[in-house]
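J.: Taking the hints as your guide, dock the two standalone chains into a single complex.
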Amino acid sequence: MGRHDVLPAAQHDDMARFDVIAHLNARVAQVLAPKVKAAYDSRARQGFRLRHGRDPLDRHDVAEAMQREPAYRIFSLVRRNNMEIRQHAGRQLVAREAASLCDRARALNEGAATLRLNPALETPRYVSAVDTHLMRGGYAAERMADDVTNPANYDAGMYATTGGAAGPWNDAAGRALVDWLKHEHPQFKPRRIVDLGCGLGHNTLPLRAAFPEAEIIAIDVAAPMLRYGHARARSLGVSDITFMQADATSAPVEENSCDLVFTTMVLHETSRQALPRFFSEAHRLLRAGGLTVHLEQPPYRGLDPFEQFMRDWDGRFNNEPFWSALHESDLPALLVKAGFGVHNVFESRCSALPPSQSVIKNEDFGRAPSWYVVGAWQAAKGIAAIG
Amino acid sequence: MDHSLPQIADPIQHAPASETGRRPEAPQFTDDPMLDRLYGVTLALVTELAVTRSRLDALERVLARRELVDRGEVDAFVPDNFEAVTRGRLQSEYLERVMRALE
Numbered sequence: 001m002g003r004h005d006v007l008p009a010a011q012h013d014d015m016a017r018f019d020v021i022a023h024l025n026a027r028v029a030q031v032l033a034p035k036v037k038a039a040y041d042s043r044a045r046q047g048f049r050l051r052h053g054r055d056p057l058d059r060h061d062v063a064e065a066m067q068r069e070p071a072y073r074i075f076s077l078v079r080r081n082n083m084e085i086r087q088h089a090g091r092q093l094v095a096r097e098a099a100s101l102c103d104r105a106r107a108l109n110e111g112a113a114t115l116r117l118n119p120a121l122e123t124p125r126y127v128s129a130v131d132t133h134l135m136r137g138g139y140a141a142e143r144m145a146d147d148v149t150n151p152a153n154y155d156a157g158m159y160a161t162t163g164g165a166a167g168p169w170n171d172a173a174g175r176a177l178v179d180w181l182k183h184e185h186p187q188f189k190p191r192r193i194v195d196l197g198c199g200l201g202h203n204t205l206p207l208r209a210a211f212p213e214a215e216i217i218a219i220d221v222a223a224p225m226l227r228y229g230h231a232r233a234r235s236l237g238v239s240d241i242t243f244m245q246a247d248a249t250s251a252p253v254e255e256n257s258c259d260l261v262f263t264t265m266v267l268h269e270t271s272r273q274a275l276p277r278f279f280s281e282a283h284r285l286l287r288a289g290g291l292t293v294h295l296e297q298p299p300y301r302g303l304d305p306f307e308q309f310m311r312d313w314d315g316r317f318n319n320e321p322f323w324s325a326l327h328e329s330d331l332p333a334l335l336v337k338a339g340f341g342v343h344n345v346f347e348s349r350c351s352a353l354p355p356s357q358s359v360i361k362n363e364d365f366g367r368a369p370s371w372y373v374v375g376a377w378q379a380a381k382g383i384a385a386i387g
Numbered sequence: 001m002d003h004s005l006p007q008i009a010d011p012i013q014h015a016p017a018s019e020t021g022r023r024p025e026a027p028q029f030t031d032d033p034m035l036d037r038l039y040g041v042t043l044a045l046v047t048e049l050a051v052t053r054s055r056l057d058a059l060e061r062v063l064a065r066r067e068l069v070d071r072g073e074v075d076a077f078v079p080d081n082f083e084a085v086t087r088g089r090l091q092s093e094y095l096e097r098v099m100r101a102l103e
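Those protein sequences? They're chains W and A, same order as listed.
So the first sequence is residues 1 to 387, counted in our numbering.
So the second sequence is residues 1 to 103, counted in our numbering.
Just so you know, nobody snuck in bad clues.
Short, incomplete list of chain W residues facing chain A, as computed with Cβ under 7 Å:
id, residue
1, His12
2, Asp13
3, Arg17
4, Val20
5, Phe317
No lab work stands behind these hints: they were computed from the structure.
Glycine included, every Cβ here is placed at the ideal spot set by N, Cα and C.
The following block holds chain A by itself, in its conformation from the complex (with noise of 0.2 Å):
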């Protein structure tokens, strides 16, 4: 795995086109390029995980606030038809985030 950079006169030429729909070109940090594509998976989720916390955590305590709902309302929720439509957009937005590396 060589990192150093070509030494050429115009180095635009090794940059990735843009405006042709491929992907920046993905250097490789690890000696399987599948390896590097699962940290990339994993990296993602780290992110996706703290904003669920982050949420959830906002959640509760907006609504221990208002002293609105307890436990035992979240664990008994069932989405009606349009909640149901909204939760599936947010989690096929949520799996083009985690699983872009391998996309």
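So here's chain W without its partners, still in its complex pose (with noise of 0.2 Å):
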């Protein structure tokens, strides 16, 4: 795991919790999930087909298809007591040195102009209502002056949940873009790059490392993921992003000014309301042959019902409320919605290489380092709504 001034300091008994809470989850994803799979093929289509004299057309099927079957019952078991362990693990490791964090990451960000929060920024109901992923208190909990535990537990345990598949600075989403964006547009150069849902940064580094010359900004609502992630990213050196609280639906940040608004793994834990704002705010700020990118987990859309089913294991057991409604939105429409010309969105897929220490080597329904990508050139504006 990369180190910095921030990082918790795990101990051994710490190191060793999440490391085999890491290899419960591998086993989960080798040994259960095939199990699953196994009974669906072998017992549960059966039965779906001859209460209904068809096959399971969506998830919604296969659920009802595999809700009695003792395999899932078990995947589900395990991997929901996989990660009430892992953030409980990270919740004695930062409590511990909750005090000593919070002033190691004031220390590094102490006077420095580009970390601006802001107050009275009102935090969106689905952060402030949602303890996502079974993070108690959600992004945005102060429990102290200046907090930062919850992004620090978020940074020191995300190994455990990935095994190791996002890299030892659990940048792979980052590192997945910037190696998308070198393949598929190399002659892209942004000047300015605006980063929505930045959480604690770890996806944006890899931009200021690829685009050296690009001003950088990273937008959070939660000032704990922001003062994290600031410190965080001083302490490895980088010093000229601007981490700043605000709304991705509201930026303050002056229209036609960027050339790529982008966002990793942000959109399943907005809203309904929220996820066109998201897509019309980019097209507010980009200017003419700007492009904005999204990473996510694929669309349940011309996937195989069961593994949709699969997939959407986090919409029911994760406290992801939003993960199954945004698997099953049109993105590329919703593009097209926010003012994007039909021929300028895009889809498309991109991944990063798994370190040789993953621990995970198969797919794991929506953890490996694999991502669709939805995007948009932005035309001249005016000529983009005619499409």
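T.: Structure below.
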């Protein structure tokens, strides 16, 4: 795991605990998940056919077929408990040195103009009301002055959840985005980049390395994430990214001023109301020739019903209330609705090579370092609306 | 037991509130809620036993490298007062972890 000055000082037992959780997650993916598929193929699908006179057509049908299956119940029970154990282990780890973590972040952030917090900002309900992926208090929890404990927990424990697949800096999505840009659009040289929903900035930093000349603005609603992310970046020698507390759907950044506006694994943690506004905000921010790109898990449409069902697990059991709705949304259509020309909208795939120390070798239904890419190019405004 | 997600306009309404002190809503995977809790304890114990085995293994390797201690010394170990307090704190942190699903 990559070290920096605001990483909690995990000792042997903390590391061993995260390590066994990562290995248990790998066993869930490699041993229990295939048994779920076997139960579906050998028994549950046939039972559904007998009851309904047809094959299961979508995730809801598969859910009906599978809900009594012991293999799925065991898979879910172990996976859910692993998530709870991981969150609890992280809470104990950061609680032990909470004051020191906040002090270290405060010292790194002291007087920096690149950390722009806005205490008056109202946290949107999709953040304030949800303990996303069982993280108690959610992204915006403020338990003490200058609190950074939840992001510290998030950062320290991420490799346990992903089995190390996100790499030592938990930045696989950012690296995948950079690789995709360099491979698909090698001439594209953004001068101003905005990360909407940057969290602790782990996926923002690869953009800094890839485009050293660009101005980068990382926006999030949650002050703890920004404090931690800003301190973490400085500790890693990056002091020229602006971390700004703002609502991504109404960012205090001038219109027609940006070349790249992106999100990584953010849209599924928003809401039905906010999602279209992320896209219209991207449209507002981009100048002609600019690009908006969003990395997410693949949409359910076109996926085998069983895979839809397995990928929907986080929506059911991991406190991701918008997960299912997002993956059923037609994101290209929403981009067109936000003002992008229909011929300028695209879908693609990108991935980051898992590091050799990753313990998860097969696809883990939403946890592998591989993403669906959806985005759009900004034409000259006015022309875009014609499509 | 119905695992299907409610088909509602606002899914957040059905998500547990944060900062209320309430633990995240616990789904039920078995037919008996007590059994779910027992699994919770069991899986926490699996994790904690692995941590302990790893620590013992690390300790034995460190000691072996330095040729410092034989097994009899560990068997005869009696903590002093400060050590006893520290070990007590470690025990209560441990119990918090393994008893979490029952608490």
